[in-house]
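> Here are the chains, one letter per residue:
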Amino acid sequence: MKNFSCFLHLFPLFLLWGVSCSSANAQLKIEIIGSGASQFPIAIVPFKGENTLPQSVTDVIAADLQRSGLFKIVDSGGLTTIPVEPPQVDYAMWRTRGADVLAIGAVSPLPNGQFDVRFRLMDILKQQQLTGFAYQVNAQQLRRTAHKIADAIYEALTGDGGMFDTNIAYIIKNGSRYELKVADVDGYGARTILASNESIISPAWSPDGTMLAYVSFEHKKAIVYMQSLETGVRSVIANFKGSNSAPSWSPDGKRLAIVLSKDGNSQIYLVNLDSGVLTRLSISGGIDTEPNFSPDGLSILFTSDRGGSPQIYRMLVNGGNPERLTFDGTYNVTPRFSPDGKSFVFVQRNGGHFNIATQDFVSRQSQLLTEGSLDESPCFSPNGKVILYATNEGGHGILSTVSSDGRERTRISVEIGDVFEPAWGPLIKD
Amino acid sequence: MKNLTLLVLLVVSGVLAGCACPPKSQPVAVEQPKVEPAPTSVPAPAAAPASTQDSLLTNRNIYYDFDSSALKDEYKAIITAHAKNLTDNPSLKVTIQGNCDERGSREYNLALGQRRADSVKRMMIMLGAKESQIETVSFGREKPRALGHNEEAWAENRRSDIVYQDE
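Chains A and B supply the protein sequences, listed in that same order. With our numbering as the guide, the letters of the first sequence map in order to residues 1 to 430. With our numbering as the guide, the letters of the second sequence map in order to residues 431 to 597.
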């Protein structure tokens with residue numbers, strides 16, 4: 001908890017809702033509209049020396065925290081002196097401004113051309129340091145350092161893992177040109193991984209964040225590829241007759257679940273990336289697709305229409321009868337495990353609309369999170385707190401996020417064009 | 431008005447053809463000479479099925495309901511005509527391309543498009559075409575022919591296309 005008082009206010013509310021809902025109807029969906037009112041007030045003082053940099057560090061930190069929806073950025077303008085060290089902090093003044101915590105810091109150029117970036121997170125009420133870090137980075141790493149600081153602040157205040165020092169992959173379509181891109185989670189630094197005149201879908205991050213698997217139609221059919229982000233070198237994973245698609249990495253990064261139609265209907269197979277050995281996992285007379293490995297690597301969620309309509313099932317990787325998990329409506333697809341393995345996110349058709357929902361494995365209750373007309377391709381942030389998905393706005397594909405409790409929403413307009421098939425990468429490791 | 435007239439003519443000729451057929455199908459051997467006195471009229475009924483076959487062959491699109499790969503009755507004549515064409519011409523090869531509308535997951539639609547194409551292939555093989563003559567591919571929802579976001583566009587995009595190779 002670490003002094004995150006707004007969470008204390010929220011908990012009783014959730015408990016009440018949970019009780020009233022489950023007693024009324026076990027299948028009841030809680031539809032939450034609007035954004036949360038309780039936001040944690042944080043002041044971020046411009047770091048000393050950052051005004052001489054091409055890129056403000058604290059602007060990036062503030063934008064990250066604000067985007068999470070959990071924080072209110074308290075005005076830190078009009079300061080006569082900029083505090084850098086704890087003794088220089090006027091706690092009473094920050095309390096008057098309404099801040100509960102304060103980030104202070106400095107960026108100093110080093111003789112070797114690098115920068116020393118240091119920050120401290122101060123508890124204003126207790127007048128003590130919550131966390132603090134120092135980094136030595138070059139100019140190109142300043143944005144990333146800002147994301148790392150935002151993660152450190154987020155972790156210190158919520159107790160949850162961070163999510164800002166991450167990348168997202170997505171497809172952008174401009175006219176007849178498709179590009180698979182990777183960008184910082186705030187949309188900066190976008191770079192093209194693959195450009196094609198045919199569609200690209202289903203990008204999937206390797207667990208270590210160094211590779212992307214995806215489906216490309218560049219040869220006029222669906223073929224699964226794997227590509228190194230560092231070297232650009234890529235290899236064909238599956239190119240059998242019919243469709244080859246829907247790659248999902250095992251947590252150890254050694255296997256890919258894929259979907260092949262070579263033996264009839266689309267079915268799920270496992271490819272061992274070292275040996276190339278292919279094993280068929282699902283056996284049904286229907287379509288089995290969109291496999292997704294559980295965080296513990298033992299089970300796989302997938303979409304199947306074996307029961308007459310596309311629904312979500314779970315099977316053990318080692319075999320056994322798949323268990324059906326969704327029963328509401330006639331179209332539930334694209335399941336993705338939450339990072340803690342306790343729930344999953346999926347797409348549910350409601351009337352003519354397609355929306356993002358989550359379902360808890362224990363309670364089996366589902367919660368509708370969005371209300372667009374064509375919301376699709378959901379995936380969790382590495383810490384499970386935010387869901388990134390594709391939606392449609394004014395006839396154009398854009399990306400959006402919704403907090404996993406449904407309270408906070410943002411839209412991510414990355415560039416001009418239709419953006420779709422987002423995939424949130426793991427926390428970047430050094 | 432012209433359209434209406436045409437329609438009436440078609441209906442009438444249809445009725446006439448309908449009337450003419452049952453007697454013909456009756457196995458009355460004695461009446462067969464009746465056909466001979468009018469040799470010029472023989473090509474007409476013979477040409478009719480041929481032109482039907484031709485017009486069916488120019489039709490390359492099979493349409494589906496949402497989330498369905500079931501072949502509707504109205505498209506079975508088209509598939510039958512193409513199957514016959516493949517059977518009669520063993521050197522011909524086709525690719526059947528399955529497509530879907532923009533709603534729902536891209537991966538599920540890719541699988542659905544594959545099943546749409548495969549269902550056409552299965553029927554053609556049942557009717558005598560060879561496995562080696564037919565390839566299937568799915569574009570899922572990735573290559574929509576109609577670009578709108580309405581039922582009209584969606585209906586157009588829920589489609590299998592029969593594409594002859596070297597065309």
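A few of these clues could be false.
Unchecked claim - One-sided excerpt, in silico: chain B residues whose CB lies under 10 Å from chain A:
#: 1; residue: Arg-490
#: 2; residue: Tyr-493
#: 3; residue: Leu-540
#: 4; residue: Gln-544
#: 5; residue: Arg-545
#: 6; residue: Ala-547
#: 7; residue: Glu-565
#: 8; residue: Thr-566
#: 9; residue: Ser-568
#: 10; residue: Arg-575
#: 11; residue: Ala-576
#: 12; residue: His-579
#: 13; residue: Glu-582
#: 14; residue: Ala-585
To be verified - From the derived model, a few chain A residues whose C-beta atoms are all more than 10 Å from chain B:
#: 15; residue: Gln-66
#: 16; residue: Ser-250
#: 17; residue: Val-333
Unchecked claim - Within a straight-line C-alpha distance of at most 20 Å, the following computed EDC-like cross-link-like pairs (lysine to aspartate or glutamate) qualify:
#: 18; chain 1: B; residue 1: Lys-573; chain 2: A; residue 2: Glu-179
#: 19; chain 1: A; residue 1: Lys-262; chain 2: B; residue 2: Glu-565
#: 20; chain 1: A; residue 1: Lys-220; chain 2: B; residue 2: Glu-581
#: 21; chain 1: A; residue 1: Lys-241; chain 2: B; residue 2: Glu-561
#: 22; chain 1: B; residue 1: Lys-573; chain 2: A; residue 2: Asp-340
#: 23; chain 1: A; residue 1: Lys-262; chain 2: B; residue 2: Glu-561
#: 24; chain 1: A; residue 1: Lys-241; chain 2: B; residue 2: Asp-518
#: 25; chain 1: B; residue 1: Lys-573; chain 2: A; residue 2: Glu-218
If you are wondering where the hints come from, they were derived from the structure by calculation, not from laboratory data. Every residue gets a Cβ at the ideal spot worked out from N, C-alpha and C, and that includes glycine.
> Now tell me, hint by hint, if it's right for this structure.
These are the hints, each one checked on the structure:
1. Arg-490: violated (17 Å)
2. Tyr-493: violated (19 Å)
3. Leu-540: Holds. Min distance 5 Å.
4. Gln-544: holds (5 Å)
5. Arg-545: holds (6 Å)
6. Ala-547: holds (9 Å)
7. Glu-565: At 8 Å from the nearest chain A Cβ, B:Glu-565 passes the 10 Å test, so the hint holds.
8. Thr-566: It holds, given that the least Cβ distance between B:Thr-566 and chain A is near 7 Å, below 10 Å.
9. Ser-568: This hint holds: B:Ser-568 lies near chain A, its Cβ roughly 5 Å from the closest one there, short of 10 Å.
10. Arg-575: violated (14 Å)
11. Ala-576: violated (14 Å)
12. His-579: B:His-579 check passes; min Cβ-Cβ to chain A is 6 Å, inside 10 Å.
13. Glu-582: This interface hint is violated because 14 Å lies over the 10 Å limit.
14. Ala-585: Violated: closest Cβ of chain A sits about 14 Å from B:Ala-585, beyond 10 Å.
15. Gln-66: holds (31 Å)
16. Ser-250: holds (18 Å)
17. Val-333: violated (4 Å)
18. B:Lys-573 with A:Glu-179: Holds, at roughly 16 Å.
19. A:Lys-262 with B:Glu-565: holds (12 Å)
20. A:Lys-220 with B:Glu-581: Violated. A:Lys-220 to B:Glu-581 sits at ~26 Å, over the 20 Å cutoff.
21. A:Lys-241 with B:Glu-561: Given that 20 Å is the threshold and the Cα spacing comes to 13 Å, the pair holds.
22. B:Lys-573 with A:Asp-340: violated (37 Å)
23. A:Lys-262 with B:Glu-561: With a Cα-Cα distance of about 14 Å, the restraint between A:Lys-262 and B:Glu-561 holds, given a limit of 20 Å.
24. A:Lys-241 with B:Asp-518: violated (26 Å)
25. B:Lys-573 with A:Glu-218: holds (12 Å)
Comparing the model with each earlier hint shows violations of hints 1, 2, 10, 11, 13, 14, 17, 20, 22 and 24; every other hint is respected.
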